[in-house]
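Visitor: Sequences are here, hints too, so could you generate the full structure?
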Amino acid sequence: MSGEDCDGMDRGDNDGPKSDKMFTLKKWNAVAMWSWDVECDTCAICRVQVMDACLRCQGESKKDSYGKQDCVVVWGECNHSFHFCCMSLWVKQNNRCPLCQQEWSIQRMGK
Amino acid sequence: MLKEKGQITFEDKWPSMRPIVLKLLKQETVTQTEWQDLFGAVHSVCLWDERGPYKLRDSLQQDITMYIKQAQVRVLAQREDQALLKAYIAEWGKFFTQCNYLPTPFRQLENSINSISKVTSSNTSSSQKKNNNNNIEDSLVRKLMLDSWNQSIFVDIKERLQDSAMKLVQAERNGESFDSQLVIGVRESYVNLCSNTIDKLQIYRENFEAAYMQATEEFYKLKASEHLLANGVQSYMKYADQRLKEEEARAHRYLEPGSGSVAALTQCCERVLIGEHLPTLLAESATLIKAGETEKLQLMFRLLDRVPEGVVPILRDLEAHIVSAGLADMVASADIITTDSEKYVERLLDLFRKFSMLVKDAFLDDPRFLTARDKAYKCVVNDTTVFKLELPSSTLARGSKGTAPESKCPELLANYCDMLLRKTPLSKRLTSEQIEIRLRDVLLVLKYIENKDVFMRYHKVHLTRRLILDSSADSEKEEDMVEWLREVGMPADYVNKLARMFQDVKVSEDLNTQFRADTTRHDAINIKILNAGAWARGSERVTVSLPLELEDYIPEVEEFYKKKHSGRKLQWYHHMSNGTITFANSVGRFDLDVTTFQMAVLFAWNQRPMEKISYENLRLATELPDPELRRTLWSLVAFPKLKRQLLCYDPLIQNPKDFVQNTIFWVNQEFALIKNGKPQRRGKINLIGRLQLSTERSQIEDNHSIVQLRILRTQEAIIKILKMRKRITNTALQSELVEILKNMFLPSKKMIKEQLEWLIEHKYMRRDDEDINTFIYMA
Numbered sequence: 001m002s003g004e005d006c007d008g009m010d011r012g013d014n015d016g017p018k019s020d021k022m023f024t025l026k027k028w029n030a031v032a033m034w035s036w037d038v039e040c041d042t043c044a045i046c047r048v049q050v051m052d053a054c055l056r057c058q059g060e061s062k063k064d065s066y067g068k069q070d071c072v073v074v075w076g077e078c079n080h081s082f083h084f085c086c087m088s089l090w091v092k093q094n095n096r097c098p099l100c101q102q103e104w105s106i107q108r109m110g111k
Numbered sequence: 001m002l003k004e005k006g007q008i009t010f011e012d013k014w015p016s017m018r019p020i021v022l023k024l025l026k027q028e029t030v031t032q033t034e035w036q037d038l039f040g041a042v043h044s045v046c047l048w049d050e051r052g053p054y055k056l057r058d059s060l061q062q063d064i065t066m067y068i069k070q071a072q073v074r075v076l077a078q079r080e081d082q083a084l085l086k087a088y089i090a091e092w093g094k095f096f097t098q099c100n101y102l103p104t105p106f107r108q109l110e111n112s113i114n115s116i117s118k119v120t121s122s123n124t125s126s127s128q129k130k131n132n133n134n135n136i137e138d139s140l141v142r143k144l145m146l147d148s149w150n151q152s153i154f155v156d157i158k159e160r161l162q163d164s165a166m167k168l169v170q171a172e173r174n175g176e177s178f179d180s181q182l183v184i185g186v187r188e189s190y191v192n193l194c195s196n197t198i199d200k201l202q203i204y205r206e207n208f209e210a211a212y213m214q215a216t217e218e219f220y221k222l223k224a225s226e227h228l229l230a231n232g233v234q235s236y237m238k239y240a241d242q243r244l245k246e247e248e249a250r251a252h253r254y255l256e257p258g259s260g261s262v263a264a265l266t267q268c269c270e271r272v273l274i275g276e277h278l279p280t281l282l283a284e285s286a287t288l289i290k291a292g293e294t295e296k297l298q299l300m301f302r303l304l305d306r307v308p309e310g311v312v313p314i315l316r317d318l319e320a321h322i323v324s325a326g327l328a329d330m331v332a333s334a335d336i337i338t339t340d341s342e343k344y345v346e347r348l349l350d351l352f353r354k355f356s357m358l359v360k361d362a363f364l365d366d367p368r369f370l371t372a373r374d375k376a377y378k379c380v381v382n383d384t385t386v387f388k389l390e391l392p393s394s395t396l397a398r399g400s401k402g403t404a405p406e407s408k409c410p411e412l413l414a415n416y417c418d419m420l421l422r423k424t425p426l427s428k429r430l431t432s433e434q435i436e437i438r439l440r441d442v443l444l445v446l447k448y449i450e451n452k453d454v455f456m457r458y459h460k461v462h463l464t465r466r467l468i469l470d471s472s473a474d475s476e477k478e479e480d481m482v483e484w485l486r487e488v489g490m491p492a493d494y495v496n497k498l499a500r501m502f503q504d505v506k507v508s509e510d511l512n513t514q515f516r517a518d519t520t521r522h523d524a525i526n527i528k529i530l531n532a533g534a535w536a537r538g539s540e541r542v543t544v545s546l547p548l549e550l551e552d553y554i555p556e557v558e559e560f561y562k563k564k565h566s567g568r569k570l571q572w573y574h575h576m577s578n579g580t581i582t583f584a585n586s587v588g589r590f591d592l593d594v595t596t597f598q599m600a601v602l603f604a605w606n607q608r609p610m611e612k613i614s615y616e617n618l619r620l621a622t623e624l625p626d627p628e629l630r631r632t633l634w635s636l637v638a639f640p641k642l643k644r645q646l647l648c649y650d651p652l653i654q655n656p657k658d659f660v661q662n663t664i665f666w667v668n669q670e671f672a673l674i675k676n677g678k679p680q681r682r683g684k685i686n687l688i689g690r691l692q693l694s695t696e697r698s699q700i701e702d703n704h705s706i707v708q709l710r711i712l713r714t715q716e717a718i719i720k721i722l723k724m725r726k727r728i729t730n731t732a733l734q735s736e737l738v739e740i741l742k743n744m745f746l747p748s749k750k751m752i753k754e755q756l757e758w759l760i761e762h763k764y765m766r767r768d769d770e771d772i773n774t775f776i777y778m779a
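These protein sequence lines map, in sequence, to chains L and A. Reading the first sequence from the start, the letters are residues 1 to 111 in full-length UniProt numbering. Reading the second sequence from the start, the letters are residues 1 to 779 in full-length UniProt numbering.
It is possible that part of the hints are untrue.
Just a few of them, taken from the derived set where beta-carbon distance is under 10 Å, the chain A residues facing chain L [what the hints assert, rightly or not]:
(1) Leu469
(2) Asp523
(3) Ile525
(4) Asn531
(5) Gly533
(6) His565
(7) Asp591
Computed cross-link-like contacts, BS3-like style, restricted to lysine-lysine with a CA-CA straight-line distance of at most 27 Å [what the hints assert, rightly or not]:
(8) Lys111(L) x Lys563(A)
(9) Lys26(L) x Lys612(A)
(10) Lys111(L) x Lys569(A)
(11) Lys563(A) x Lys27(L)
(12) Lys408(A) x Lys749(A)
(13) Lys26(L) x Lys641(A)
(14) Lys447(A) x Lys750(A)
(15) Lys111(L) x Lys564(A)
Hints are computed from structural coordinates only; laboratory data are not their basis. Just so we're clear, the structure is a prediction, and the values are computed from it rather than from any experiment. Glycine residues also receive a C-beta, built at the ideal position from the N, C-alpha and C atoms.
Guide: Rendered as structure tokens:
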């Protein structure tokens with residue numbers, strides 16, 4: 001990041017049109033948080049928040065450096081969402097949404 | 001010939017046998033023929049005279065008794081103790097030697113008597129008979145001899161013997177020397193005298209040992225008190241220590257080895273020398289501890305540890321000393337340590353080292369003393385006299401009605417930790433190794449903290465700041481620290497969360513690289529897009545109307561992100577974001593590191609550089625909530641490190657709360673950084689200060705949530721225990737609960753009680769009908 005400082009310094013000094021303003025932006029470190037775009041933030045199958053890995057993943061891969069990324073969220077046509085891991089196990093026994101009993105079909109997957 | 005032999009009677013034979021027997025008793029020379037004749041005679045008598053064996057035995061006994069009487073006269077003729085002992089030992093020695101010879105010719109006699117008794121009581125097994133034949137120690141005649149000695153001489157003179165022997169021992173205690181063989185000889189006679197095959201030491205124990213113990217006890221009862229009175233405790237301890245060693249050595253000399261006597265004697269001495277003076281000795285312990293007299297304490301420890309429960313009061317004294325000295329130290333330096341976490345932690349560590357040194361030097365790191373140190377140090381660490389953290393009383397239905405104040409130690413400890421891990425003057429001054437040592441010290445103190453959850457909370461907040469502002473001094477050390485926290489037993493879910501933050505920052509860095517490669521014109525922007533679950537659960541966002549310069553970037557970032565991921569939503573955390581701006585005025589150009597809020601305020605002047613803008617108009621322009629706007633403005637008009645502030649305002653106030661609607665602000669055109677008293681034309685300054693991660697309201701909520709989380713954890717743990725045990729008594733439950741929760745916080749009795757009531761009320765569990773102190777799990 002120190003490299004950018006130098007770049008900015010040069011540009012700031014030479015950049016004629018911008019220097020007429022009293023304050024000029026040199027660098028912005030913007031912070032945002034992402035979360036799954038879900039209506040209910042708890043997975044109804046494992047009762048863990050969808051932002052956390054599901055109960056199974058927490059138990060199994062205790063420290064898989066990107067373990068978190070693997071436990072994604074899945075949305076059904078009914079718009080209900082669950083951990084993908086949880087749902088894959090669920091449909092083996094019952095191909096219906098645990099919340100609304102509609103036949104389960106995947107609308108989209110979190111990535 | 002046969003008839004002649006058949007007539008052989010005891011009376012015929014005894015007159016020829018008796019002189020030989022007498023000679024043997026007196027240890028006079030016996031010719032080989034005489035010796036052999038004796039065998040023959042005994043054999044004949046036993047074989048031919050029906051009553052021979054008994055007659056023979058009785059006569060033998062008479063002669064032995066007679067001999068013993070004579071010996072007794074010889075012994076008692078001695079008036080003086082040493083001579084008496086000498087004479088006795090000599091007589092005994094002679095007699096005892098003969099005990100091994102005289103029985104031999106009488107084997108036949110023994111066999112006869114035994115076989116007669118075998119006829120009468122056929123129970124006697126042949127093996128036992130055989131035994132009788134072979135083992136001289138079991139010999140009948142020998143027993144006869146010893147018993148006779150015992151009855152005829154010993155009973156009469158044992159008192160005198162013992163007295164004399166004990167007098168000698170006493171004389172030795174007083175520093176006189178004598179022939180120790182005399183006492184040893186007496187002891188040996190006591191040991192050998194016993195014909196009781198089950199307890200061979202019976203006579204020795206009942207007489208000699210008892211007398212020895214009694215004499216020792218009496219001697220020291222008197223001497224110890226005298227010495228203590230005359231010379232005081234410290235000299236007495238040396239005396240007692242030396243005496244105990246002496247007596248042990250003496251006991252090894254004079255008491256029968258392998259009989260347990262030495263241990264009994266030692267115990268007796270310990271009782272008289274230490275046990276009986278315990279209160280007097282202990283009265284010194286507190287003073288010695290206070291004065292740090294490690295050598296004397298070591299002696300005291302060594303002495304008192306010999307008697308049961310002896311060191312318990314010293315443990316109490318040590319504990320009391322650590323607590324009072326520790327707290328006194330804290331109170332004395334309260335001014336410094338309440339404001340300076342570095343000084344505070346170093347102070348705590350100094351104390352810890354001091355106390356540990358004391359335990360090591362004085363009590364040789366005895367586990368009981370280490371425990372006492374730990375217990376007391378815990379009190380110092382968690383004490384609330386100097387400063388306290390006020391946890392709010394919760395108003396929520398589940399909550400407790402109020403909590404006791406807690407030590408602020410965990411907060412300061414976390415601050416210190418932050419100073420070591422962040423780029424600070426402190427961390428720059430130290431080498432990597434020194435930082436590691438200090439972090440280990442932090443963990444050491446952490447071990448003693450009761451409310452570890454508070455430390456974790458602050459530690460996480462500091463880590464968040466460091467990661468967001470890229471202000472870690474050493475990222476490797478950061479991750480080491482996470483593992484160390486795991487090692488010292490911090491709850492796994494907490495440590496995992498910290499680890500997730502590191503992973504997440506790396507993911508975000510990759511994303512930022514991709515983003516910057518993707519776009520050409522945005523080299524002024526870095527993005528951090530983080531997992532809300534790991535970073536910001538429950539934290540409040542603050543809205544702000546961004547300056548156009550910033551606003552422009554937002555859609556592009558969002559679009560980029562949408563291409564990379566799906567099913568995700570983004571929320572901007574502008575209170576965490578920050579940046580660098582260049583400020584140009586008549587003096588020069590300056591680079592300012594600022595928060596996004598500060599940026600939003602300052603950029604309001606870009607359209608109207610020379611204007612004065614009212615508070616109200618700034619609020620409209622930035623749309624910042626009131627508390628945040630006040631705080632932001634205050635950081636621009638009264639930044640502690642600046643001699644010339646960035647903004648000027650009117651009317652002047654002392655506190656950001658006093659800004660009013662029409663307070664006016666304008667940019668200080670004279671602004672400059674001052675170095676060595678001279679204004680500079682160029683320069684860079686960081687105005688971010690401490691990045692505000694939460695709003696004022698959420699800070700109060702933060703403390704609430706500590707309490708709230710504790711309540712949940714307590715309930716969770718109670719249920720966990722009940723699920724496993726099904727039923728459990730109140731006391732057992734409490735101790736298991738503390739065990740489970742101790743790495744987070746120490747649950748108060750009150751809170752436990754409240755949560756038990758709550759769980760009972762909600763039918764998670766119930767009390768036993770018969771015993772209200774027993775709980776039963778209800779599924």
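Visitor: At a threshold of 10 Å, is the proposed contact between Asn531(A) and chain L supported by beta-carbon distances?
Guide: The hint holds - Asn531(A) has a Cβ within 10 Å of chain L, the shortest such distance being about 7 Å.
Visitor: Given the hint that Lys563(A) pairs with Lys27(L), does the C-alpha gap stay at or below 27 Å?
Guide: 24 Å, holds
Visitor: Keeping to a limit of 27 Å between CA atoms, is the pair of Lys408(A) and Lys749(A) held or broken?
Guide: 21 Å, holds
Visitor: Would the pair Lys111(L) and Lys564(A) pass a check requiring their Cα atoms to be no farther apart than 27 Å?
Guide: The hint holds at about 8 Å.
Visitor: Lys111(L) and Lys563(A) were given as a pair; does the straight-line alpha-carbon distance stay at or below 27 Å?
Guide: Holds. Lys111(L) to Lys563(A) sits at ~10 Å (cutoff 27 Å).
Visitor: Verify the proposed pairing of Lys111(L) with Lys569(A), using a straight-line Cα cut of 27 Å.
Guide: Status holds; Cα separation ~11 Å.
Visitor: Quick one, is the Gly533(A) hint okay against chain L at 10 Å, beta carbons?
Guide: 3 Å, holds
Visitor: Verify the interface restraint on Ile525(A): the C-beta must sit less than 10 Å from at least one C-beta of chain L.
Guide: The hint holds - Ile525(A) has a Cβ within 10 Å of chain L, the shortest such distance being about 5 Å.
Visitor: For the restraint on His565(A), tell me whether the closest CB of chain L is nearer than 10 Å.
Guide: 5 Å, holds
Visitor: Check the hint pairing Lys447(A) with Lys750(A) against an upper bound of 27 Å on the C-alpha distance.
Guide: Roughly 24 Å between the alpha carbons, so the hint for Lys447(A) and Lys750(A) holds.
Visitor: Does the nearest C-beta of chain L fall within a distance shorter than 10 Å of the C-beta of Asp591(A)?
Guide: 7 Å, holds
Visitor: Quickly compare the C-alpha distance for Lys26(L) and Lys612(A) to 27 Å and report which way the hint goes.
Guide: 25 Å, holds
When the structure is compared with the earlier hints, no violation turns up for any of them.
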